[in-house]
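Asks: In the order they appear, the protein sequences are chains G and H.
The numbering of the first sequence is the working numbering, which starts it at 1 and goes up by one.
The numbering of the second sequence is the working numbering, which starts it at 1001 and goes up by one.
Be careful, since some hints might not be right.
Beta-carbon label-pair distances, calculated as ranges [unchecked claim]: (1) G:Asp-63 with H:Glu-1137: 30 to 36 angstroms; (2) H:Ile-1033 with G:Lys-47: 50 to 56 angstroms; (3) H:Phe-1167 with G:Asp-39: 36 to 42 angstroms; (4) G:Lys-47 with H:Arg-1079: 20 to 26 angstroms; (5) G:Gln-17 with H:Asn-1104: 53 to 59 angstroms; (6) G:Ala-55 with H:Val-1184: 49 to 55 angstroms; (7) H:Gln-1200 with G:Glu-11: 41 to 47 angstroms; (8) H:Leu-1015 with G:Ser-15: 45 to 51 angstroms.
Honestly, the hints are just simulated from the structure, not real lab data.
Cβ coordinates follow ideal geometry from the N, Cα and C atoms, glycine included.
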Amino acid sequence: MKNRLKVLRAERSWSQQDLADQLAVSRQSVNAIETGKYDPSLPLAFKLADVFELAIEEIFERD
Amino acid sequence: MSVTDTNSAKGRGPLFYAGLMAAAYAAVAALAITGAVEGPAIYILVIAPFGLVFPMMAAANRRIDAGGKNCFGKGMAQRRYMKRVALFTSLYLVVLGIMTFVLNAGDPHPAIRTILALLPGLAVIGIFWAVGRLIVEEQDEFLRMLIIRQSLIATGFALSAATIWGFLETADVVFHLEAYWWAVAWFFGLGVGAAANRVQYGTWGAV
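Hey, can you work out the whole structure from these sequences and the hints?
Replies: Put into C-alpha cells, the structure is as follows:
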C-alpha cells in the first residue's frame, strides 16, 4: 500500500525514530511501513492518523 | 558522542557471537560425521559452544540499551526473552553435564536413566516456550510478525530436514541421527528465518 509518511514526516522535521517514539513502536516498523514493505494493522493506522492529525485516507493510498 | 563512539561503546554485535557458535557447531558436526571424534568427547564438544550464548546475550542487551530510553519499552519483551533463554541454556548445560557424568560413571537404575534423559529435553522445551512467550509479549506488531515468520521458517526447515533425512535413513543412504538434532536444526532454521526477514523486510528481527 502506498503512503505519504515520508513527506508528512519531512513537513514536520521528524526523524523515523521521532515518529516511532510517538507511536511506541520500533524505528524498523516505521521504516517498513514507510517503504511499503509492511502494511500496518487498523489500530496502528489509526494511531498514525492521530499523530499526524489526518484521516487514514490522507496518509495511505490504494495501490 | 559520535556515531563511531556509539558503535564502539556497543562492542561486537550478537550476530558475531551467533556466527562463532554456528561455525563451532559446523566444526563439531564435521568431526562427528567423519568419525574424528567419538563417544563422550562429542558431548563435551557440543556443550562448549553454548558458552557463547552469554556474550551473545550481553551484546544483544547492549544493542537494546544503546537504542536509548525510548527503546526501553519495546525492548522489555526481548529482554525477558534473553533472560529466559540464558536461564534454560544454563539449565541445559548443567543437566547435560550431570547426565553424561552419571551415565559414564556406571549403570544407573532405568528410572534414573529416564529422568536424566528427560531433563535436557525439558530445558530445550523451555527455550521453545521462551520463543512462544516472546511472540505473546512483543507489543510491536511488525517485530512480532518477523518473529512469527522466523519461527515458521525454522519449523518448515527442521521438519523438512527431518523428513528427508528419515527417508534417506530408511533407505540406508545416510547414518542414524539422534532425534534431538532436529531441535538444533530448528535453531539453525531461526537463523535462516532471520536472513529471510533481512532480505524481504530489511531487518533481521528480534530473535
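Asks: Now tell me, hint by hint, if it's right for this structure.
Replies: To see whether the hints hold, each was checked on the structure:
1. G:Asp-63 with H:Glu-1137: 30 to 36 angstroms: Holds, since Asp-63 (chain G) and Glu-1137 (chain H) (Cβ atoms, about 33 angstroms apart) stay within the stated range.
2. H:Ile-1033 with G:Lys-47: 50 to 56 angstroms: 52 angstroms, holds
3. H:Phe-1167 with G:Asp-39: 36 to 42 angstroms: 40 angstroms, holds
4. G:Lys-47 with H:Arg-1079: 20 to 26 angstroms: At 24 angstroms between Cβs, range holds.
5. G:Gln-17 with H:Asn-1104: 53 to 59 angstroms: At 54 angstroms between Cβs, range holds.
6. G:Ala-55 with H:Val-1184: 49 to 55 angstroms: 51 angstroms, holds
7. H:Gln-1200 with G:Glu-11: 41 to 47 angstroms: 29 angstroms, violated
8. H:Leu-1015 with G:Ser-15: 45 to 51 angstroms: Violated: the Cβ-Cβ distance is about 25 angstroms, outside 45 to 51 angstroms.
Hint compliance for this structure: hints 7, 8 are broken, all remaining hints hold.
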